[in-house]
Amino acid sequence: MTSDLDELYQSVILDHNKSPRNFAALADATSHAEGRNPLCGDAYTVWLRMEGDRIADAAFQGVGCAISKASASLMTTAVKGKTAAEAEALFERFHEMLTGGATDLTGMPGGVKALSGVKAFPMRVKCATLSWHAMREALRSESK
Amino acid sequence: MTTAATLDVTRIRADFPILGQPVHGRPLVYLDSAASAQKPQAVIDAVARHYRTSNANVHRGVHLLSQEASAAYEAARVAAARFLGAAEPGEVIFAHGTTSGLNLVARSYGDTHVRQGDHILVSELEHHSNIVPWQQLAIRKGGRVLKIPITDAGEIDLDAYRGLLSERTRIVAVSHVSNVLGTIAPIQEMADLAHDVGAVLVVDGAQSAPHLPIDVQALHCDFFACSGHKVYGPTGVGLLWGRKALLDAMPPYEGGGGMIDLVTFEKTTYAQVPARFEAGTPPVEAVVGLAAALDWFTALDSAALQAHEHDLMVYATGRLSELPGVTILGRSPRKASVVSFVVDGIHAHDVGTVLDTEGVAIRAGHHCAQPLMTRYGVSATCRASFCAFNTRDEVDTLMGGMRRVREVFG
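Protein chains in written order, with numbering that gives the first Met the number 0: chain A, 0 to 143; chain B, 0 to 409.
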């Protein structure tokens, strides 16, 4: 079981937990959304700055566990420069990676791939996907 | 010469089949009884026996099985009344848990006594189930929920409490034992003060019933709610005790079968207490299991049990305090069986996950007490809770797990 634990808390996860990237409010954001897990109290805000259909910048702030924080850090890094459709597609693949289906991780950003260890801890899947749901909500509120 | 009885923990452990169940290939160290207690064989057997030999609806049939089920159900009420120190079994209502008991009081007593501008006092350390029903009541009736603050040590601030009480106070709601901090509230004193202004005191006893001897009359409270599953019984059943005179004057909370006297389309009259508050088919097997749990639990030497759990709490508090970056929340000298802590820079969920892989089950999160988390400026805590079958060795396993936490997170 120790190996599962090592898979979960890989060095890239621990690094992004300790030094989260894009961990600030985005002053010139064009949309934002909150992700909250009422069961555990984890809460994040995700900001996006869209230029046309493209995510020019992404950032987040909030409190939560190592998995949720590292995941938000990796997510904001991964979606920068992507179109809304590409970010939505990445969300879907990420979700599948954690909940079953997809084992083909080709083309998945390396850091994001590191979160695949969460799959062995079903109780923690919500931690990993929290900021991703907020990102998608921000994208959709933008497109309205 | 007399010596204090000690608890035969080895024998107690043998009563719990789940302790033989490995977790992640390791022996289970269950330090989460405050969330839900494990069940002794006697409870498992009682539920199974009920299904095998006596299963039927209660108070509804003339046939033998219904008579047996009804008799067992009412015998459980007698046992519950004895357990709580009630004046009579008729003061004990089978609710579905502490939450449903508190909601019953808020709806039935609350709706008939709280008016526009009235106050409901609720302590800052309450579980959401002893906050939200009062907020809902306040919204329905135009009343206000006022917060009774706590001290840094995690005790009710009695001076502030006295200051909040007034002729507008209708209800005071407080936990006997805090589910996060373990603090034991001075219920009797708080009840007397509430009565001085004509208010009633409602006790959330979810965390005290499994640890302290309960005597609702000595506590001077007016209502007392607790859960079956935290006193080694099944889920789905809880006890609500209320003073008979108060209960007799209260309208029904839910309507349905079993709670009526006579139903016509023009008018329905209601059954006497406690049936008035037990609409619908009750969880009969859970009630039967709860009676077995109370039998098992009350056979333990109460003083020895308290001494045992206190020893574990003090030992765990000491060991955890030695760890760098660990802060214990709740430093009252009057505490029961719970140690809540935070680790600098490591979130409670991560601590919980690492401990789980070591076979150690603790609770990590806000414990349904978000206002209390806010009070201490944390988003979540780790909570180890102790019961009759825990040992110092298990605390040592917890400490081994904490070393593993440090290895993982540096």
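Keep in mind that the hints were calculated from the coordinates and are not lab data.
Backbone N, C-alpha and C fix where the C-beta goes; we use that ideal spot for every residue, glycine too.
Hints may contain errors.
Heads up, incomplete: computed chain A residues facing chain B, CB under 7 Å, no partners named [stated by the list, open to error]:
1) Phe-22
2) Cys-39
3) Val-124
Quick list of simulated restraints, FRET-style, between CB atoms [claimed, not checked]:
4) A:Asp-27 <-> B:Gly-255: 57 to 63 Å
5) B:Gly-255 <-> A:Leu-104: 40 to 46 Å
6) A:Ser-18 <-> B:Thr-280: 41 to 47 Å
7) B:Arg-402 <-> A:Met-122: 42 to 48 Å
8) B:Gly-399 <-> A:Leu-104: 30 to 36 Å
9) B:Ala-4 <-> A:Phe-22: 54 to 60 Å
10) A:Leu-104 <-> B:His-127: 53 to 59 Å
11) A:Ser-18 <-> B:Lys-146: 50 to 56 Å
If you only want the chain A side, here are some residues facing chain B, beta carbon under 7 Å, derived [as the list claims (entries may be wrong)]:
12) Leu-4
13) Tyr-8
14) Gly-40
15) Val-62
16) Cys-64
17) Ala-65
That 54 to 60 Å hint for Ala-4 (chain B) and Phe-22 (chain A) (C-beta), does it hold up? For Phe-22 (chain A) against Ala-4 (chain B), whose Cβ atoms are near 56 Å apart, the range 54 to 60 Å holds.
Hint check: 7 Å Cβ-Cβ cutoff, Leu-4 (chain A) to chain B: holds, 5 Å
Status of the hint placing Gly-40 (chain A) at chain B (closest C-beta pair under 7 Å): OK, holds: Gly-40 (chain A) within 7 Å of chain B, min 4 Å.
In this structure, is the beta-carbon distance linking Ser-18 (chain A) and Thr-280 (chain B) contained in 41 to 47 Å? Cβ of Ser-18 (chain A) to Cβ of Thr-280 (chain B): about 57 Å, so the range 41 to 47 Å is violated.
Between the beta carbons of Leu-104 (chain A) and His-127 (chain B), is the distance compatible with 53 to 59 Å? At roughly 40 Å between Cβ atoms, His-127 (chain B) and Leu-104 (chain A) fall outside 53 to 59 Å, so the hint is violated.
Given Tyr-8 (chain A) as an interface hint, is its Cβ closer than 7 Å to any Cβ of chain B? It holds, given that the least Cβ distance between Tyr-8 (chain A) and chain B is near 5 Å, below 7 Å.
Cβ-Cβ distance between Ser-18 (chain A) and Lys-146 (chain B): within 50 to 56 Å? violated, 38 Å
Is the hint on Ala-65 (chain A) kept, meaning its closest Cβ partner in chain B is under 7 Å away? holds, 5 Å
Given a hinted range of 40 to 46 Å, is it respected by the beta-carbon distance of Gly-255 (chain B) and Leu-104 (chain A)? violated, 54 Å
Interface restraint verdict for Cys-64 (chain A) against chain B (beta-carbon cut-off 7 Å): holds, 4 Å
Confirm or reject the claim that Gly-399 (chain B) and Leu-104 (chain A) have a C-beta distance inside 30 to 36 Å. The hint (30 to 36 Å, Cβ to Cβ) holds, given that Gly-399 (chain B) and Leu-104 (chain A) are roughly 35 Å apart.
Range hint 42 to 48 Å (beta carbons of Arg-402 (chain B) and Met-122 (chain A)) holds or violated: violated, 23 Å
In summary, the structure is inconsistent with hints 1, 3, 5, 6, 7, 10, 11 from the numbered list given earlier, while agreeing with the others.
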